[in-house]
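Trainee: Okay, here's what each chain looks like letter by letter:
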Amino acid sequence: MSAQKDRWVSSLVFLLFCASSMPRSGSVGLQQEPSPQHYFSGLEAGKASLAFFTPSVSPGAQPFLEQIESSAEALQDYGISVVKVNCPKEDVSRYCGKENALRKAFLFRGTRLIREFPTDALFDVNSIVANVLFALLFNEVKYVETLADLENTENMLKGKSNMVFAYVPATGTAEHRAVMEAAFVYGTIHQFVLTTEAALLKATSHDDPDVSSAWLSFCHCQRATDSAQPCRRTALGQPLTLLNIHRHLKLMGAPLVTEVAQDPEKVSTVHLQLGLPLVFILSQKETHEADRRTAEFVAWQLLGKAGVALLSRDLVDLNVLHRSNVALKTPDEGMPIQYLVLEDTDEVITLVEDKNKVKQIQEDEQQEEEEEEDEDEKENSNQDIQDDQVVEAVSRDKKRELPLEQVLVLTEENFHSSLSEAARTVVLFYASWEAVSLAVLRSYSEVAAQLKGTPGVLLSRVNCWDWPGLCSQENVTQFPTIKVYKEGQQPATYDGMWATEELSSFILLSRVPCPLKLATMDEAEGYLRGEFPSELSSPHHTSLLGVFSPATSAAREAFEEAGNILSGHVRMGMYFEDDALALSRKYSVSPPALLLARSGGRSVEGIALSKHSVQDMVQMIRYELLDIFPEITVPNLPQYLQLRKPFLILFCAGDISQMESKEMLKLARGRTQQAFVACWLNLKKTPVGHGILRKYFSTTPSLPVLLWVNLHAGGQVFKFPPEQSITEMNILSWLEKVQAGLEIPSSTLSEEDWKPPLPAYDFLQMMEPSVPELSPHTSPQAEDTPLPHPPKNPRGDTARGDPATREEPSQGSTAEEVGSPGRGLRGTAPRLAARDKQGKRHGEL
Amino acid sequence: LGLALYAGSLCTVSGATFIYHDYCVIGAGPAGLQVAYFLQQAGRDYIVFERSHAPGSFFALYPRHRKLISINKQYTGKSNSEFNLRHDWNSLLSHDRRLLFRHYSRDFFPNADTMVRYLEDFASLLKLQVQYNVAIIHVTLEKNEQAWNGHYFLLTDQDRKNYKCSSLLVAAGMWVPNVVNFPGSEYVEGYETVSINPEDFAGQTVLILGRGNSAFETAENILGVTNFIHMVSRSRVRLSWATHYVGDLRAINNGLLDTYQLKSLDGLLEGDLEDLAIVKDKKGKLHITLRFYLENRNISAGIDSITLPQDELDNFATRAPYDRVIRCLGWKFDFSIYNRSLRMMPGKGNIKKYPQIKPSYESRGTRGLFILGTASHSVDFRKSAGGFIHGFRYTTRAVHRLLENRHHGVPWPSRVYPITQLTNSIIKRVNEASGLYQMFSVLADIILLRENVTAFEYLEEYPIGVLAELEMQTGRKARNGLFVIIMEYGRNFSGADKDVFYYNRAVGEAQHAWQSNFLHPVIYYYKHLPTEREMKLRPPEWPLPRPDAIHHIVEDFLTDWTAPNAHILPLRRFLENCLSTDLRNFFAESCFLFAFTHQKLPPFCQQGYLRMQGLVGSQELWQHAVQAGLLQDYTLTDFSGDRPPDSHDEPQEQLMRDHVVPVRPLQHLVNAKDE
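Here the protein sequences line up with chains U and Y, keeping their order. Residue numbers are given in the working numbering: position 404 of the first sequence equals residue 404, and the series is strictly consecutive. Just add 845 to the spot in the second sequence (first one is 1) and you have the working numbering.
Don't read these hints as lab results, they were simulated from the structure. Bear in mind that the values here come from a model prediction, so they are computed numbers and not experimental data. A couple of the hints might just be wrong.
SDA-like mimics (lysine to any residue), calculated; alpha carbons at most 25 Å apart, straight line [stated by the list, open to error]:
{"#": "1", "chain 1": "U", "residue 1": "K517", "chain 2": "U", "residue 2": "A551"}
{"#": "2", "chain 1": "Y", "residue 1": "K923", "chain 2": "U", "residue 2": "S417"}
{"#": "3", "chain 1": "Y", "residue 1": "K1372", "chain 2": "U", "residue 2": "L732"}
{"#": "4", "chain 1": "U", "residue 1": "K645", "chain 2": "Y", "residue 2": "T1299"}
{"#": "5", "chain 1": "U", "residue 1": "K104", "chain 2": "U", "residue 2": "D124"}
{"#": "6", "chain 1": "Y", "residue 1": "K923", "chain 2": "U", "residue 2": "E405"}
{"#": "7", "chain 1": "Y", "residue 1": "K1445", "chain 2": "U", "residue 2": "P759"}
{"#": "8", "chain 1": "U", "residue 1": "K84", "chain 2": "U", "residue 2": "P169"}
{"#": "9", "chain 1": "U", "residue 1": "K398", "chain 2": "Y", "residue 2": "L1403"}
Far from chain Y by the CB rule (all over 12 Å, computed), these chain U residues [claimed, not checked]:
{"#": "10", "residue": "P468"}
{"#": "11", "residue": "E557"}
{"#": "12", "residue": "S567"}
{"#": "13", "residue": "M766"}
All C-beta atoms in this analysis are idealised placements derived from N, C-alpha and C, irrespective of residue type, glycine included.
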């Protein structure tokens, strides 16, 4: 702080030097002139000098001379020389000759006598400087005696320049000197008006001023437009010293509101230089005008106490809470800027005026910040930010119009009639406000585009928000739901991935019966090759053919039932003609049997059907359809997870190399009853694999990398030694070591529960202060206790709430009572609504 | 005498033959028909007795001026039939879409005749079992251990025919006029009989006793032709827009307030009718005086000997004589037909016109006797809508559900959902449910949590007054905590003297939602079902005891609580924190990552992705999620991998910190209710 003081003192001195443009003559101090002639001939035009004439010996004037001599230095600063002129004995001229002239001091400008001062008016240095300057600054400092004079002056100045109105109880005082010294510097900028009339001071002041002490106020007449109104005044709240006046005028001269578009840490204004705090009103483009008005309002309130700057958040990248609306920069070096969330302007003013409060808030905020950092730094600030990726993605996409022309809108009225229009009607039941529904609707529109023109399939949708009766009638209890309606059959509910690919394949597959009855051997063979029926022709799918002898009905019925369950997911055929035995023989099984044709019938596997329950059959079919060494992808992982086995997974940067594929396949085939899932992952196709590796190793290891992941038991992750080559033998021996506990896991999967990502608003706690009967301690009898005046203000955003800000509402309301124009800050902080009952909801904004 | 009467009736009863039904309903008004519908749907043995020849006999006479003040909204801009019932105050509940009142009248305030026609159709189209022209004149009990409630109800009609029932549902309405007796009350005409022809009032000066809708309705009719109308009642006028109670003076009837406040033409006075006296002068004019002046006088001595207030106070307000005095003081329940053994007692205080009932609508005096319809309004008098069709159609359904559970072992209907549907099911109900909306703070949706918080059970429109008895009354178990969803107005917002139009009356910020003033959803969370005692000790004016946590969904100008950030997000956070779980939705890709990196998965992945129902989403959505920083784009991954991972943060969470909230410049519109 002292360093600060030094700074502004030196700046003042510098300013004074500049202002006193007159060259300083010689050394500081009293000049001696041998004779009046000599003195008068040496006077320069325009230069002021105070002279006193003294006979060679004049013991009576001694004390007076001492004062004059000591004022010489002070006057020197203003370019006024103080000259002691020795009167030769013989001189009887105007100044030396007369006895009484020797008891006076004379002020000259050039050779012109401005004023003569009796020695009793120059009783000390203050009075000398004050009176001399007063005389010299006759034009710059107007002396008024009546209110009318003052008002006249004021009115003349309106719209032109500002006025400094000073009252001193008496002339020649230290205060008078201070005003004069200030006028010397600022007289050309502002009109100074001086009075010693106590009555005038009283007339201009609202409250009862203490007439025994000096008073100075700055009148903002330059801005005044209304001639009927007196100019706005800002009183100097401190004792009238030159420094204080200088500070005050400097502050009054500074712009009311500074617009800032740079890092507030780097901003420096005259206020900070003068040791005053700077208040930033944080603004944004949308509310700029309102914020500017708010800032100006605050600035007027804080004039002389603090500076106000308008900081545009759009231009400056602030790393602060979004809801912060005010920042406070204190002049102390090294103090960080505090960002605050305040409710109205009263709080800003309180913040500045009440230093203790500032401290308290600082401490609280710091404490809070620390706590926040310690506990959970995300807390509160992000509470109202969407952290649900689906909801956020959908709401960001809501403006895009979906291509839903291909999707028929069904209502309660047309639902049943539409179902009979096509062989198959796919209905998406959704709710237009629900994010997952809308995400699926997007995939659904893509499916519609893909299936456009496919005969016999109608895609439609029902918005359950519009037709709740229809949805509950169709037994739709959650959103989204997709059902495929077939004439005369129970609708099938889609239970696969909510993805375009899977959904459209489901719809296509459900066009043919499942299982499909094959009538001839040719059809059966064609089916296994993936060529029959034509609707399903796709060489890549795995086809399943159940072969039954005409007699075995139990197994066939179970198979048909299983087909119903797997409908849409699996291509299932059924052959039970007389020559079924011949067909199955071909694949070295006997009916009842399953024939499994992978990739277009190039390999057909025969499996004997031993179990005949539907569930077993479904499970078996699902199991048989799994690949031996699959590439793991996002859609297929759940199928393999259901095996609940550890994963032996090879992460590859791209396609798996032939070599590794061969070795792994050997390994996978090696034991029929594998205790693990051998698989690989293509990072190009499934980039999220990088996320997995990063989680395991913090950096992506060199690829390919083979891992043993114990997904279901313990969660350990082991990494196959990269120096070894991936061969069946190496892997097996490594696995033995892993199983024997000889390897150290590279990582362990987190065991953490999925807790709420962020806290909720604790309304119960917020309500307690205003609803005392709610508190668990209050007995019902205590209900009569009168409600306290406006409920204390729990900070809506934090569960803790700090005492300092909680106090503010009451402060605000008292200020209001005495008539201060409280104004909400809501323009600046749109996120801060009026939080309180009547007491707080006064704002005009 | 009472005893003799009792004995006499027993005698006749015991000798007679009875017609037995499980359920007897007295009255074929809206409530009687409504419960008949539910009983019929459930296939129960029931009968409705109606003393008139047609349903809704009260509506055949009243309101006298034939304008119903229940709104009949034709258009809401929505096709949601459940939601539309929020603004259809006249229809009864049924599955038959023909039986919506808007098909009967296009008037916003329909004619009462339409209601009569509607009720006739309701009874006949749904083939309800109603016996017309049967007036039950006596009801008594017959003790029987076998009976459902330990006794049978014995009913006798005007022809001495007898009926026996296991359960008695009284939907007889409130039809006995409230009468005040004071000296001169013989000069008073009743609302029931007063002329409704304005011509009859031409040039007359009228005094109306009472200050309810019937009083104002009567005044409205004759306002234009009278000299002036004065209205006297004990309490100040209660405007329904200020009290948020539909039984108070509705704006449609308040023409007299206009002339009073604008031109001091007509006027309102407060005074106790009990202190009043009316004297008739020789010209037939009626003068108001005070009972006090009459006490020592002989009225028969003639008017001249009676002191009038203006004799002492010559500017006494009602010194001008009146031509007519009309009584419009409302109705009360007919207690006369119930035998004393039924202990049908009037309520206390301002609900003395209603019989005493429990919050389950069962009589306090007799088990198995339920009061339905407008007479059941003591439960929520001056609070909610239980005294009106648009309210009691729901409470009647609730009573029926209680009966189904109690007598037929059919538990309260409910649906079980996976926990991932928790937020959705609440949002769906608060946005469309009409019962919650109409019977705010009386009926509540209840969510019963299942063990391990994997699933929950949803019960609709349960009367919260009997929350403590939930397990017994519904047959459902509440062992793992529960949510109670109700609608509330802001505390201290409603009231006869409240300014409900003050600036900033509406809250726009989710974080200040607890200060919401307009009807908004509130969710209470209890770890354990509140006990009887806790219900009793609940804070005054609170519908429920202190919960373990509470959530208010911020009031909404459109009553549309589907905004993702302002409504759904805070609700989800509340639910998550009550259940201590993560209820976010995740794309399949995130679930895939979690499956490889966590031993446990969030519920959404568990119940979706792991069951092969993952949400893959479209490319656009994926990009939006990446831009929002909620999903990481690994395709751009550089393989240097120099970035140290967080110990246990998800990468997306890390990104989330830099995520900037979009500015909401239209914030001022959030509080649009100000203007």
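Trainee: Of the hints given before, which are not true for this structure?
Mentor: Numbers 3, 8, 10, 13, in rising order.
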